[in-house]
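Undergrad: Listed in order, the protein sequences are those of chains A, B and C. The letter at position 211 of the first sequence is residue 211 when you use our numbering, and the numbering goes up by one with no holes. The letter at position 516 of the second sequence is residue 1516 when you use our numbering, and the numbering goes up by one with no holes. The letter at position 101 of the third sequence is residue 2101 when you use our numbering, and the numbering goes up by one with no holes.
Simulated from the structure, these hints should not be mistaken for laboratory data. Quick reminder that beta carbons are idealized off the backbone N, C-alpha and C, glycines included. No false leads were slipped in.
Residues from chain A that face chain B, not an exhaustive set, calculated with beta carbons under 7 Å: (1) A62; (2) S80; (3) N95.
So you can see what is in the structure, the chains are spelled out below.
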Amino acid sequence: MSRDDVERDTRTRRQVLAGVGAAGAAALAGCQSTGDGEGSGDELSGTIDIAGSSTVFPLATAMSEEFKSEHGEVEFNIQSTGSGGGFANHFCPGNTDFNNASRAIREQEEQQCADNDVEPVELTVATDALTVIVNNDLDIDSITVGELRQIWAAEVETETWSDVNSDWPDEPLELYGPSDASGTYDYFIESILHAGDEEYSHLSGYSGTEQDRTIIQGVEGSENAMGYLGYAYYSTNKDRVKALAIDDGDGEPVEPSLETARSGEYTPLSRPLFTYPAKSSLTEEHVAEFARFWLENATSEELVAESVGYVPLGEDDQQEQLDALEAAIEDAGN
Amino acid sequence: MATDTTTEVAGGFGQVSRTVGQLFRYLLLAATLFGLVFVTILLVYVANDAIQPLTADPGWHLTFFLALVVPTLAAGAYVYRRDGEAFQTGALAIGLAVVSLMFSGGAAMIFADIVEPLTFLAFLVAVAVPGVVTLAVVAYDDRIPFLGQFAVTVAAFYLSLFGVPGPLGAAAGISSVVPGVFGLLAGVPLAPAPWLLAVLSVGLPLAAVGGSLVARDRGRRARLFAGAGILAVPLAGGIVGPFVGVDPLPATVVASVGFVPPIVYAANVAINVPRERVALLIPVTIIVGALVGAFAVDLAGFAGPQSWVDWAFLTASHSNTAEDAGFYPAIGGSILLMVTVAVFAFPVGVGAAVYLEEYAPDNRFTRVVDVNISNLAGVPSVVYGLLGFGLFVTYLGQPDGTVLLGGLTLGLLILPIVIISAREAIRSVPEEQRAASYGMGATKWQTVKNVVLPRSFSGILTGTILALGRAIGETAPLIMIGAPNVTYSLPTSFSEAASAMPLQVYAWSSLYAGPNFYNKVVPAGVVVLVAVLLAMNSIAIVLRNKYQVGD
Amino acid sequence: MSGDSLEEALTTRTANAPPELLSRSFFFVCAALSIATTIGLIVLLTTEAAKFFSFSAPLVGVTGETASVVEFLTGTNWGPTEGNFGVLSLVSATLMIMIGSSLLALPLGVGTAIYLSEYASPRLRGVLKPGLEILAGIPTVVYGFFAIIYITPALQPFVPGLGTFNILSACIVVGIMIIPMVASISEDAMSAVPESLRQAGYGMGATKFEVSTGIVVPASLSGIFSSFILALSRAIGETMAVTIAAGSTAQFLNVLNPAAYTERALPMTAAMVKLVGGDVTGGGVAYRSVFAIGITLFVITLAMNVISDLVAQHYREEY
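Only chain A is shown next, with the shape it has when bound in the complex (with noise of 0.2 Å):
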């Protein structure tokens, strides 16, 4: 039921019971709950289970409640456990309908899952993209993944641009990102500060926010600034701000696009995210109901981008998805 529906019949109610203060108004919480069943019309019912990846956890949510929107009676149980940790606990010992990943399934894992007679079925269903970006004056195009880890570790000092490589200018250097209560910032550790030899702490000398808006800002406004934040924010904002090819040192440093993102050119700041349904579960309608519609809506701007935060999939690849779900369903069907 939408919220303005409610606030409607019930305004008069409400203010009465204002009146009685806020835990009388909690007394009535039940009272609606009953109209609740939106029939659709359809037969779908039953329960999902999902667990895996908190990264994925806010897609599958937005997916699922967007499901549920049109099959009400289909229930949904929702985890965030971490990717291995679904997989270990959950998934594989058969306790989950789906499992979402960062990262692609491990060995050790299929083979886990094959253990219990759970065959994962490996469905792509967006792209996590992280964005370097700096200030539209400055004469800077592209960065090496060195050069990233030399700005932003807290353990190597640098003070100016010219301090991480001579052709830069001599000014110092002024830095924006998400805060650390950000799953971007743990990804842009994860990828750039733990990935050489060294394991690096990110720097605390830097403008961290909580809204992405804020870094656009502070880019825009400071000719030497320097800021990351995900990709789907920055593509909006194209004009404002420049984005930095990566180098991951090949020497060919590569535009951060949604082409680059999807096909996995854009390393190391691109990382597919992936759900797992378990083939047997494929065989209840419901569940292979719900693994379609993800996919279906996975080209979404509004529900993956937008609401998200994340690359949606390209059209190509979720015709490539969905054909190998069909393939899944139909086998599991057998």
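Model the placement of chains B and C on the given structure of chain A, informed by the hints.
TA: Just chains B and C now, kept in the frame of chain A:
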């Protein structure tokens, strides 16, 4: 040691300084108030974020100030000056009204979404029938040996709940031949409307208790009338409900659980304690003031605060958009968890306490148990979570995150607390009362049953409620056992996964770091969670105060 | 325990009647369940932790190998994904939480106890004690949320270099949380000091201040000390508040350096929650390290409870 200090004190004789003493006193007072004030400030902040009182029209505030706050203060002051005890009674009445309204919401939730009223009624009857049989057997024929009585009791319960041959037969592969009372009733094809059943199953017992309380000094007839009068409240709820836009079933339950207790309390004061009748001025002023205020505000068109703790928040489930996110499945999950924990921890905890206080010989085993319980009370909750997961999921192969699993894990967690508080309550029963019981030839079990447990019951209850509060506030064990962060509806059985209020708050604050989730939705959840816990704690504290006075 | 001889004499005859046997065995089973819980805990933690330490194949999802017990207990680098299982960095964070919160809670708790037992009128005590109980009854997840959303931003202007996650605000909320524990146990000990001792002090001409600090506090020292240990053990085991407020970066910090308290850190309990719910879990055996931390935590808190018991018993002043 004591003698040492006194000599020292004697050394300072003659130079008494008041300043040091006063300073010390105020320092101590400051230390005592520090935590309280600190947390109160934080609670005010969080309530401000969640309820946003400043978004209301000034006219709204003014109206309620004039209609509600001023008269309430005046009535309170008047009653207080007339009679301090009456003031307490009045405050208690309004507190009871708020608390029972809150819990009636939870009860309504259970009947609307989890247990069908017919199932509940069938269960009540199925328990009541063998209960009566047992009483009859015990009361009217003491020639039947104990084992015979025991067998009859067990058989009566089994047959009534499960029928012939029941789960034992099912285990042996025989299908049901005769359904029990429970199965018979729960399967009745033509049942009256659910809300009428709720009147029967919830309203009737409450009316019986209330009626005999209100008219306790009068005859059977008066009690019957009082009971009927009280039963009219849930009936009225079911009938009036649809007209104000509430389904009849939840309206009935709210009327029974939410309205009946305060009404019975008020009626009891009015009829049986004439000296404190003036106390009723307080609740009457508040209720009338609230209604008048609401009416005036509606008439003048003043907008109320744009609270995030609103109807939609309490009745909706989680959503990715902060504006639509709700707490309903989490509230329901917490209620079910609490029921499971109580069903498990209360009997076991009290049983262990009775053993340790009344039966245990003074030997090594008892001492080990004794030390062990105090150690278990100190084990971190996250370790209990590991125990729950390892024991029930890894080794017993239970599905993870279910109500049963969560309830058992939390039950183990609070068990030591229940045992310790129950022991204290049992210990406070005077030794003479036991001696008197034994002196009259009572056996140990009879003494425990007739003297020790009834005398310590309110103390045990207080400790259990406080422990239950601890249980529903716990998050870490639920994370460990894999309770879901997001579900959209209430579990309908104990083997389904359920979320819980603190877990939902944690999920929102950690997995949805958007500003609206952080600054609005999470505070709203915190306000509801804290309100429930404050309500439970205050019940426990009021109970204890009453019981200490009574002793 | 009622080893009363009169009672025994009156009940031995009926002790073996069926209802007596039945009820007694029920009560006994209930009491024995607590022993079963402990045994279950110990067996589960040791077997699972042993599996972790004795694993020989390469770890699932981990580049390195499993750690030996010695490496686990002496290593200062924690990073399960990379095969670094040094628990000391977690222990250092836990120690900091313990020290920081006790700096706040111990003086305030004892002050509260003295005030309640010596100074407060019965009426005031009737208000303050339930108030403290309510303080203890607020869920820890709420305290964690308070720390990160109100306390840290309020401290940031005054404390340079304070990040969103830091040990300082975690210490503050854990400290507030354990005040009631220190206060109530200490107050019990102080109320147990016989009135005659106080009267003796007053008789010597001592002021209330002198009686409180010179007689009551020394006489109840064992109780106060055991309340300290129990509160510290509670601070060590505290989970949600530190998980939310202290962050999730494991680093080995100098416990005695005040500046280190502005850093992020990963206490043991938070590491367990992170292993189960985070994204870096390697799965499989790396996940079992949660049991290794669990048993470390269990042993530490158990030891502290035992010490507290011993202190309370051996140094108790008998009146």
